[in-house]
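Residue numbers (this note's numbering), protein chains in the order written: chain R, 1 to 659; chain Z, 1001 to 1126; chain F, 2001 to 2207.
Note that these hints are calculated values from the structure, not bench results. One should not assume that every hint holds.
Between beta-carbon pairs, the in silico distance windows are [unchecked claim]:
(1) R/658 <-> F/2169: 39 to 47 Å
(2) R/623 <-> Z/1058: 43 to 51 Å
(3) R/641 <-> F/2112: 38 to 46 Å
(4) Z/1121 <-> F/2129: 28 to 36 Å
(5) R/635 <-> F/2010: 18 to 26 Å
Backbone N, C-alpha and C fix where the C-beta goes; we use that ideal spot for every residue, glycine too.
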Amino acid sequence: MPPFARYLLHTLFPPDVLRPTEVGADVLILATGVIIMVVMTRRHKWRHLWTEWLTTVDHKKIAVMYLIAAIAMLFRGGVDALMIRTNLALPGSPVISASEYNAVFTTHGTIMIFFMAMPFIFALFNAVIPLMIGSRDVAFPRLNAMSFWLFAFGALLFNMSFVIGGSPNAGWTAYPPLTERVFNPGPGENFYFLSLLIAGIGTTMTGINFVVTSLRMRAPGMTLMKMPMFVWSALATSTLILFAFPPLTVALLMSLIDRLFGSSFFTLGHGGMPMMYVNLFWLFGHPEVYIVVLPAFGIFSEVVPTFSRKRLFGYETMVLSIVAIMLLAYGTWVHHFFTMGAGPTVNAFFGLSTMLIAIPTGVKIFNWIFTMWGGRIRTTVAMLYQLAFIPTFVVGGASGIMLATIPADYQFHNSYFLVAHFHNVLIGGTLFGLLSGMYYWWPKMFGRKLDERQGKWAFWLFLTGFWITFGPQYLLGLKGMTRRMYTYPLGYGWHTLNVISTLGAFVMGAGFLVLVYNIVYSMRNGERDLTGDPWDGRTLEWALPSPAPEYNFARIPVVYERDAYWDMKEKGQTLANSLTVRDVHDLELPRNSSLPFFLGLSFFVVGFGMVFSWWIIAGLGFAGVAACLVAVGFDYRGPKRVDAAFIRGTEVALGRLRA
Amino acid sequence: MAEPLINRADPESEEAEAEGALAFLRPRFAEERFPWIQVWGYGGSLVLTLGAYFSVVRHVLAPQFLVAAILAMAAGQAALQLGVFMHLRESRGLSWQIVPLALAFFTALGMIGMSIWIMAFKSGVS
Amino acid sequence: MSLELAPEPGRREDLPLELSDEQESVKITGFWMFLVTDVLIFASLFSAYAVYRPRVATGPGPLELFHFGPALLETLLLLTSSFTVGIAIYEMRKGRPGGVMAWTIATLALGAAFVFLEIHEFASYAALGATWHQSAFLSAFYVLVGTHGAHVSFGILWAVTLLVQLARRGLTPVTARKLYTFSLYWHFLDVVWVFIFTVVYLMGKIA
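All chains should be modelled from the sequences, with the hints used to inform the complete structure.
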């Protein structure tokens, strides 16, 4: 074998990725890939895929792509979780080794936060924000596609580490010196830093996009205080993204150049300070917590009024509290490292600011309860997730207050109590919210409802599984079990609780399978939504047919009231019966572009080259990025014109216009 | 191809908002025959830069006051750039950029100040 | 009462060219939001610099390392370039593409001189053995100042493509918007540099 080939084989396939589990997974990935290729080729779908999906700038299609990615990543993160739990149920004979376990909990956390929660949120933002505010697209449709492709290629790069080179293994927070090159020489952490940098650029651009969309693209008459709460939550979330992702970018970049180019930011020698990474990381990390939970708050603020058939209680205080959370979220980051020893004054300040967040959050909880009070509640799946969210999130929040109590935190820190707490808020808050939103807006995205009976099965499995998993973990934490241990001695009284927790995790896994079945079943057999308004909704997206036509609104209505569509329905004037042939004019829509895809691909090449320090490949990638940017600059093709006759035809076919 | 419509007035919503609490975001435009503002801005920035430079070289103040003085001059220059050159108050519709930008400068100050405070490890015994 | 329909947004002739088209004006708001993220990128770098400034390990500290000469010259170059790009936008508002072209080229020349000086400055420090490997202070210095330099370099390349577009297409709402966002970018880099000059160079000389 020539030395070059040997080097290549050794670099790409170190022993880490040649364990039976990995090789087995590789075979499955390969087989799935081949099957998809064959099916696509047989059905001549490649052109369709390229023109309709990969080059699209339509926010509704980008939403679908985000959603598919999020569910795929939920699967991978979930499998990681089951591996973790299996190991902990069998302390005597661990199934996976310590080093493998490190990789598994690292990828579990990273994937769930960056590649599951974030794209799931962007899926829902993309799917409904433009429809809710009466707009034909987001402010920057092509940038939106770029964001998606940067995310997608970032996720690809991250997941690739599993197959070639070796996974990152320093935890989802990637603290130095665990990531310092001397202690962690493989390419795993390079995968982590580069993929998060690439996906992070995309996320920042999404943040910019939705801030501007909600500030500048609203229908006439929709003042700030008439925006639906979900739009408010998108605005607050996106603003937080603008403020939180830069410190992350800087922290990742510094770690990367420490590793690749020998600078001394977070090294142990040369005056470097690993704790500065922790400081910068949580400057991002704490706002990130609210980046993922505020959208859930927004979703509930839409779901509760619809299924209680009442307007949202205390809209003004809801707005005020979401803005307060947004501002406070930026002043609490030290509570992630009270034990670093910055001193009592620093800790006291951040302990107090953390507890303050409970006030606006409490306001929101009460407002949702008061909205339901005296309403005619329908317990659809979307509403069930909301009903489960309130107690679950309150418990998570209360344990958060316990963690914010500094002397107690010295006991809780890095224990399973903490693990239980943040899963309590992330699953009980974010995931329940996102699933609620998925069930609520699914008909708007796909034109069919998700089957409610199956959805309820999935819900109950999730909810009971959740409590069986994480309830015992609080107790484990109090019994002294710390996070990230791959096994433990039997005599500590941890075993039974761990076995219960693992059972719960498998119940959640079953819930996921039912959810997937529910989706697959409903794609073909779900109840068709022919009215565009299956839930008797209140906001503008329900004024459109399901799914909305490419141009969303043939004409954009003027908005007078907060629940714009409810107001229209009360006046008996909706888009479905108000348009006449004369109202429909030619429209301009953004033109599809392949540049976002190629930009993402170029960034992927840059990342791949840098992971292995193959500078020629990285250089080619940079050239590709530059070429894409220049091409963007010189792209003077105007918007695509959609002529009135076509729109009239579409509207007639949808039964919205008398021919 | 249809002619693009020409609207003279702002959309109704923005007018309504500009009347109320958001009046401070109403855009303003400067008309000028000669770029006097730019010339003054340039002169001002030169004065502030050289002022800061010479006050450091000549040690005109005690160190802590000197630091405060040159930071204040830098802030003055930033304001000059934003106000004079960057047309901060111009926009179509409301000048939304003012709010996030103000928040960004506030956050930047907080981030730097807090980081120094936290990373000093000096607030009492740990 | 029938449902009221909004008119499609059209051109506004009473506004400057770069704001006259609704779509293009939205992009200016978007660019401001990008600048917000850039403020925070530099804030993070400044935080690191502030924390790392005393951590010189065995390497030189700011007092020994920096010279005022190049730093002051770089500052004056960048301030002047900020003025010239301001005049370019003034010319743009007057509808004179020739003036825009000339003043933008002047800006680029000044920017290129700035970058050249900065590279020279870095090289002279590196020649003394003051590389970023040596200490956390030097790492923070090079990355903070280098990020700014990279922004300026990117700005120069960007403006070159804009000049080509301007020459080909003249002043349109699109080219005007692009030039306007470039000017925002350039002035913003000037603001950042003023703080670098103050915090890194001037405060480096205050014991």
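TODO: With respect to the beta-carbon atoms only, verify the hint that residue 623 of chain R and residue 1058 of chain Z lie 43 to 51 Å apart.
DONE: For residue 1058 of chain Z against residue 623 of chain R, whose Cβ atoms are near 50 Å apart, the range 43 to 51 Å holds.
Open item on the list: Can you tell me whether the CB distance of residue 641 of chain R to residue 2112 of chain F sits inside 38 to 46 Å?
Closed with: holds, 42 Å
Open item on the list: If I claimed the Cβ atoms of residue 635 of chain R and residue 2010 of chain F lie 18 to 26 Å apart, would that claim hold in this structure?
Closed with: holds, 23 Å
TODO: Take a look at whether the Cβ-Cβ distance between residue 1121 of chain Z and residue 2129 of chain F falls inside 28 to 36 Å.
DONE: Hint holds: Cβ distance 30 Å, inside 28 to 36 Å.
TODO: Using the beta carbons of residue 658 of chain R and residue 2169 of chain F, state whether their distance is inside 39 to 47 Å or not.
DONE: About 44 Å separates the Cβ atoms of residue 658 of chain R and residue 2169 of chain F, which means 39 to 47 Å holds.
Violated hints are absent here; each numbered hint is respected by the structure.
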